[in-house]
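Asker: Spelled out from the first residue to the last, the chains are:
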Amino acid sequence: MTATWIKATTGAVALGALAAVAVLGSSLDPAAERAHATSTTAVMPAAQPAACPAPLTVPVGAIEGDDFSSVPTQSSRAVFGGASTPVGDGVAVEAPVGAVLERAEDGDIASLAALTCTRPASTQWIVAGATTVGASSRLVLTNPTERNIEATVTLYGGAGALGETRTLAVGAASQAELLLEGVEAELPAMAIRVDATGAGVVAALQDSRLDGLQPAGTDWASASEPGRHLVVPAVGGGGASAATLRLMSPEGAVASLTLVGADGILDWPGTSRVELEAGVVTEVAVPLGDVRAIEIDADADVVAAARTVVQRSSDVGLEGQTATDFMWVAAQPVPTTAESTAARVAYAPGLGGAIVAYSPVSTTVTVLDGAGAVVAETPVAARTVVRIPLDLPAGTAVSITGRAAWVVTVRQDPGFLAAMAPARPEVDPMEITTVDRSYVR
Amino acid sequence: MTTARAVVRAIVVTDGRSGHLPAVLASLADHSYDTLDVVVVDGDEPDFPDGLRGEILRADGANYREAIDAAVATHPALDQELLWLLHDDTAPMPGALDALAAVARKRRRAAIVGAAHVNWRDPSRLVDLGATVSRVGARRIQLVEEDDVNQGQYDSRDDVLAVSLAGALVRREWWDRAGGTDDAYRGFGESVDLCRRAWRAGLDVVVVPSARIRHAQENLHGTRAGGEQDRRSSYPQRRTGEWYHAMAFAPALGVPLLVLWAFVSAPVRALLRIAQNEPRMALADLGVPWRVLGRLGRLPASRAAIRRTQELGPRVERPLLAPWRTVVRFVRARELGAYEQWRESIAPNDVERAELALAASRRRRGLAITGALGLAASLAFGGAWLGPVLRGDMLAGGILGVTDLAAGDVWARLVSGWDGAGFGAASIDSVYAALLLPASVVPGGARVGLALTLVLAPLAATLGGWAAAGTAVRSAWIRGAAALAYGLWPAFLVSVDDGRLGAVLAHVLLPWVAFGLVRGAGWHRGEPVGDGEFPRVRVGSPSASAGAAVAAAAAVSAAPALLPAVVLVALVAGGFARGARLRTWAIALPALLVSAPALVAAWHEGTWGGAARVLLRDAGPVAASQPSEPWELLLGAPTPQTALPWADLAPTAGAAALAVGALVVLGAAWAVLSGRATWPVRTLVLLASVGLATALVEQRTLVGGEDGAGMELVNGWPGPGSSLMALALLGAAASAASGAWGQGKGAALAWRRTGYAVVLGVAALALSAHALVVAWPGRPTDLGTTDVAVLPLATALDQVSGERQRVLVLDSAEDGTVAYTVLETDGSVHALGTAERDDDGRAYAHPTDPPPATPASLGEAVATLAGAGSGASPSLAAWGIGTVVVAPGATELDAALSQIEELDLLGASDRGTPYRVTWEDDARATRAWVEVGDARTAVPMGRLSGTIELAESVDGTLVLAVADDRAWTATLDGEPLARVDDPLGRAAWKVAGSGQLEIVHHDPTRARWLWIVAGFVGFTLLGSIPIHRTRFGRGAR
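In order, the protein sequences belong to chains U and C.
Under the numbering used here, the first residue of the first sequence is numbered 150, with each subsequent residue one higher.
Under the numbering used here, the first residue of the second sequence is numbered 386, with each subsequent residue one higher.
Check the hints yourself; a few may be wrong.
To be verified - Negatives, chain C to chain U, calculated, CB over 12 Å:
#	residue
1	Thr420
2	Leu528
3	Pro664
4	Arg749
5	Val1066
6	Leu1081
7	Val1207
8	Arg1296
9	Arg1328
Said to hold, decoys possible - Example chain U residues on the side facing chain C (calculated, C-beta under 10 Å, incomplete):
#	residue
10	Val162
11	Ala171
12	Arg226
13	Gly387
14	Val458
15	Arg461
16	Ser462
17	Val465
18	Leu467
19	Arg573
20	Ile581
To be verified - Computed Cβ-Cβ distance ranges for the label pairs, DEER-style:
#	chain 1	residue 1	chain 2	residue 2	range
21	C	Ala791	U	Ser188	52 to 62 Å
22	C	Asp1200	U	Asp450	17 to 27 Å
23	C	Asp1200	U	Ala492	43 to 53 Å
24	U	Ser188	C	Leu656	56 to 66 Å
25	U	Asp450	C	Pro1273	21 to 31 Å
26	U	Leu177	C	Ala981	40 to 50 Å
27	C	Ala1293	U	Arg226	31 to 41 Å
28	U	Ala227	C	Gly1318	47 to 57 Å
29	C	Gly1146	U	Ser188	58 to 68 Å
Keep in mind the hints are simulated off the structure, nothing from the lab.
Note that the structure is predicted; figures quoted are calculated from it, not measured.
Glycine included, every Cβ here is placed at the ideal spot set by N, Cα and C.
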């Protein structure tokens, strides 16, 4: 029986070794893996010059009549921001932020239009414009960089995003324009998204309205920043005849709107819950009164802007008919800290300028000029709006300290209205995370 | 005085060391000679048997000629005197002398009359019946095959060139005239010399077949004084004698040619001996020309002796010399004759032969079916890749990298061990690249070769499994099942899918190690015939052991984790292999030699953990993997994924694969429990636990960076350990199954056979299910076929030009991170393996402090580029990066880079957007340059070297943009330059003067080791060619 005993023992040893290895193996510590080490660096991007668009043009073309003409006979245009170099029909300014202020006295585009000229950006949302009968939207893309870029324009209307996009090539140091009524007509309310390759493009929208023979106003609309907590600092006020808030959420959101005046929150029925479908542009009428601000709180990113219309008596056509002018004020993110407002700069228009500021908390708004001297100082209660008139020469750079969202409104009589949003002159350092990996394609 | 008949004087020369002398003296009693002299040159004087009369003479220290002369001198010279020369191991049979004397009387001109020598123990077998020499080179040709049965076929032979002097009648006048034999031959070749001189002197040499002398051939076989050797021991002296003979008899101008020929032919013969697995004979062959040289001093005297007695010249002997056809026939008969005898001795009888033929046909059919199934499985898994690859695409994957390698790249990696990934580093060993060399010289290049390797790997593994299973069991069914189970082993299929070349090659090579080891030790199964096996006794084959050694070296270079297992197996197996111990132990030698640098590096590491990291490194592509539980590993995990359309059956692939593994484990368990083939089964199961342990330890050990830049540490791949475990378990199951079909009788046998058939059926079903599930088209693999060009064309050209620019590729990952790669090749190359580094990035091969620079230092520069900042170009150009390519699809990176003034856009393609990077002064970035202040002179570089002629004297720094390593050296007109410290960690030297500036990668230690490995493995490879020599004659009688 020795053979059997040997067989049994050795068999047990062999199978036992296998089992023992399996059991012991599970008690081995797992290897402490170390993933690819990433490094994060703050980088200051290259600064591109700020660019201003070409002057306002008459949308349809010149129509000459006996006692009227579409083309303005008297117009003025001022570009603020230091020395300027031509970029196509527009200009690039020396300062990191510029502004253009144009006034046409008569013709189809009799109005006051102002725009803050900013640096090129890759993605911009412009909430303005319409392409119904009598409305013209002219998108001007300025490329002040040394490289050709390609811009893709997407329109959003009342039924959501339009399927087709337009792509424009804008050469180095040149400008291109696109008449949006040629892309999609009969859009009463629209929003535009501009995506640009390369360093980006400066986009501006000339929104011109014509009511029969009466000029119904023209303004430059600039980009609005998307966010979940926005405020439109200046709506209505100064004898406005109409005010509208236009909203759009790219992905769909539920927003609640709050109307804020000089003394606090005002009643605005039906705005506690506004359902925004993805890509659908919605307009809400704003109650009139003094200058107000509108707070927008949503559960997803929203872009918004508000249009304020003022009337004046018209020289054109029959007696007693009125012409109008309007301004577009884009929504800004509600400032979370005082530092986030300190960096923004706008320009005083000279005549009729005022700063309208909204603050979410109780703070003191101090207006400083370009040299840093205090121009005005006003306490602002929480969630109220304050209007500070500006008495500075045209072209003076202004900024504020204090935690507030603000715009510069220009009101020149009789009934010419424009607004300029402040912009940041500095470029933020970007946080870039890099990791070393293999590449095969 | 004259006599009527010749006087026969018998002379026996003895040195007292032969045990046959009494028999010789006893046999002399039957013969009628006139005088007998027994000359004792050494040792004791013999006793004469009764009835024998003769004289005993002492001639201490004399050689053969002197002894004969001493005996002859005691008798006065007579007319017609014949000397009958005898050795102390030649016993004449009755009637021999009469026959010889009769012929001597008849043939008056015959100077030497020789007798036929027969085997001492078996007088019916002829040993010697005259000899001749070849016309050129004087190879001695025996005129009869050794141990040929004497049936009277040679009875008509008379005139021959030479006969053996032992037992021959030599006319005294010829002896005196010739002066006896020539001492220069030292005992081997004297007869041929004396006989040939006799022919040239106008005399004859005759052999008498009817006169038979029993000859024990002690000198030839070296058995004097009871030595136990065979005829190989006298080979050097014999061969030297043959050369000397040729030189003595050749025309004067031919002597230098013959000396030259002796030297030239010696190494060739030595190589042949190595192929025949006879290393001692190889050494003997190498020593023969030197012995010949040593004897050259005696040559003039020998030639003078020939001339002195020469009367007729070489023409007379020409018809007796052997033409080359005879030489060839003789060689073939001698080489194959003994082999034929051996085969005869173990030849199967008719019944056995019929069974063997049946078994052979069954085996061939089984091999064909198994091979076809293996091929079908290979094509099902990877056939989709073959089409595009043959059309010009390449296989590439995240783990494998790109496979479009030039043979020059593979060779450069093999020779230098320099891994160019990132900024470069030295790898421990580069023998793994040698395994890829054959694949890179295939028509189409490495991309076709590597694709074929990966696609046909399951087929190769199946064939290897067939061969290895055949050593344990001969049944075609079981062999086929085992082969297919091995070839479709789940972990192996995952290795193929991932492109892990090291694990794939190890899995393919391991069965051949087993095959060679078992065959080399003679443990392999014979074909079952009747009640036993054929051949009855298996002889181990040294060629098989050599083949196993080469396969083990290749497997260990493909999967270094297998080294401990290979060494353990070789040691243990050698301990049990009687008669083949040395060569089984030697199986581990090439593997150890190949791993020598790794062992040295592990020793330098100092800690157990560090040494384990070095020894368990993965060769070839390295990537992270999910560790599996031990029981999963036992069942074959990791398992391949499937593309079966039913989503909730996703575990199906895992289940089907584990079913195969489960069957294998159950088979091994049954093998142990059944008690059949005790020792093989148990040792194989223990070996399987070693394999499992290897796999477990490997997957729990950090083995190195994914991209070799020291950034990521990943765990090892358990594939090689799993392959070893699978091989061992299948071997155990196969060993126990051998002969199981026929065991038992009656009802038990019927039940048993039914059981076995059912088990085989289940195994076949499991294998088919597993194959089907994995081969379902569309399964997610890491590999895919892509276009050969990865980078834009102009960029790729810059990489191989004299500037050797590096390329920085930027890509944006999903989470917004910017991923970057520094490439000096067109796409990341992982197939050649990566330089092994420790946690701090130090290369194990050349540990330096601080660790070598890696592209991790470029993180800030890359972030600057990605953020559209400026100022990154100098840091990029400092490392030789001349182009930045933005991967296709990364538009925001493109946007950022297009804003940077100092980068020039080079164009746009669907392979990415390249931007040119230059120095501040717009000079192009190059791999090496001479820096004098702010001016730079580019040095054109090749893969591993570069040179430039400095016409004017310069005083500056030579900078080579690679991570500093001591193997990079620079010389100016041959003088080595002094190294300087470089803040970035590049290789830099101080240059002062003018002349030829050369940069070269020079690693003499590695070069020496590579030559040693090449030589050793080359000789082993030569030894694995199965040419057998006359070993079979030994012990046959």
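Asker: Now, for every hint given, state plainly whether the structure supports it.
Answerer: Outcome of the hint check:
{"no.": "1", "hint": "Thr420", "verdict": "71 Å, holds"}
{"no.": "2", "hint": "Leu528", "verdict": "57 Å, holds"}
{"no.": "3", "hint": "Pro664", "verdict": "37 Å, holds"}
{"no.": "4", "hint": "Arg749", "verdict": "35 Å, holds"}
{"no.": "5", "hint": "Val1066", "verdict": "8 Å, violated"}
{"no.": "6", "hint": "Leu1081", "verdict": "4 Å, violated"}
{"no.": "7", "hint": "Val1207", "verdict": "8 Å, violated"}
{"no.": "8", "hint": "Arg1296", "verdict": "7 Å, violated"}
{"no.": "9", "hint": "Arg1328", "verdict": "20 Å, holds"}
{"no.": "10", "hint": "Val162", "verdict": "7 Å, holds"}
{"no.": "11", "hint": "Ala171", "verdict": "4 Å, holds"}
{"no.": "12", "hint": "Arg226", "verdict": "29 Å, violated"}
{"no.": "13", "hint": "Gly387", "verdict": "42 Å, violated"}
{"no.": "14", "hint": "Val458", "verdict": "38 Å, violated"}
{"no.": "15", "hint": "Arg461", "verdict": "45 Å, violated"}
{"no.": "16", "hint": "Ser462", "verdict": "50 Å, violated"}
{"no.": "17", "hint": "Val465", "verdict": "46 Å, violated"}
{"no.": "18", "hint": "Leu467", "verdict": "53 Å, violated"}
{"no.": "19", "hint": "Arg573", "verdict": "16 Å, violated"}
{"no.": "20", "hint": "Ile581", "verdict": "4 Å, holds"}
{"no.": "21", "hint": "C/Ala791 x U/Ser188: 52 to 62 Å", "verdict": "34 Å, violated"}
{"no.": "22", "hint": "C/Asp1200 x U/Asp450: 17 to 27 Å", "verdict": "19 Å, holds"}
{"no.": "23", "hint": "C/Asp1200 x U/Ala492: 43 to 53 Å", "verdict": "28 Å, violated"}
{"no.": "24", "hint": "U/Ser188 x C/Leu656: 56 to 66 Å", "verdict": "59 Å, holds"}
{"no.": "25", "hint": "U/Asp450 x C/Pro1273: 21 to 31 Å", "verdict": "29 Å, holds"}
{"no.": "26", "hint": "U/Leu177 x C/Ala981: 40 to 50 Å", "verdict": "29 Å, violated"}
{"no.": "27", "hint": "C/Ala1293 x U/Arg226: 31 to 41 Å", "verdict": "38 Å, holds"}
{"no.": "28", "hint": "U/Ala227 x C/Gly1318: 47 to 57 Å", "verdict": "52 Å, holds"}
{"no.": "29", "hint": "C/Gly1146 x U/Ser188: 58 to 68 Å", "verdict": "60 Å, holds"}
Of the hints listed earlier, those the structure fails to meet are numbers 5, 6, 7, 8, 12, 13, 14, 15, 16, 17, 18, 19, 21, 23, 26, in rising order.
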